[in-house]
Amino acid sequence: CCSRLVKMSSKVTRDILYDCIKAILDGSKEKKRKFMESVELQIALKNYDPQKDKRFSGTVKLKNIPRPKLKICVLGDESHCDEAKANNLPYMDAEALKKLNKDKKLVKKLAKKYDGFVASDTLIKQIPRLLGPGLNKAGKFPTM
Numbered sequence: 001c002c003s004r005l006v007k008m009s010s011k012v013t014r015d016i017l018y019d020c021i022k023a024i025l026d027g028s029k030e031k032k033r034k035f036m037e038s039v040e041l042q043i044a045l046k047n048y049d050p051q052k053d054k055r056f057s058g059t060v061k062l063k064n065i066p067r068p069k070l071k072i073c074v075l076g077d078e079s080h081c082d083e084a085k086a087n088n089l090p091y092m093d094a095e096a097l098k099k100l101n102k103d104k105k106l107v108k109k110l111a112k113k114y115d116g117f118v119a120s121d122t123l124i125k126q127i128p129r130l131l132g133p134g135l136n137k138a139g140k141f142p143t144m
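Counting in our numbering, the sequence shown runs from 1 upward without gaps.
No wet-lab data here; the hints were simulated from the structure. A couple of the hints might just be wrong.
[Claimed, not checked] Okay, the calculated beta carbon distance ranges per label pair:
1. 101 / 51: 38 to 48 Å
2. 26 / 88: 37 to 47 Å
3. 32 / 129: 43 to 53 Å
4. 27 / 122: 15 to 25 Å
Ideal Cβ positions, reconstructed from N, Cα and C, are used throughout, including at glycine.
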């Protein structure tokens, strides 16, 4: 992005970072695009193994929500469904999934309705048997 960042360095100064961000913002104003642009930042820590070292822990609250209209459905057992219900999240249990009866159209409709799925570890193994390959084909197979 910036002409000043030609070689890879171990430390990036605040001025260089601000210059690069300004260049990105100016570039996005010059040529308007018809989609939401985003920037990904990756930070690598030298001599740090996250599996062994637990020096860093915590969360960071972002100022702007990345995907404010993200819709996620919980596919879970009774306890996870109760938890989802308490937090006003859409959920489906094994019985509701059985009602879809591997109907391709219904599974495709379910996949289009939500941006993603999370599933209980007890139910995730049964999903291919209950729904068929529909969620996988849509690229929305649930995570645990």
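Give me the numbers of the hints this structure contradicts, sorted from smallest to largest. 4
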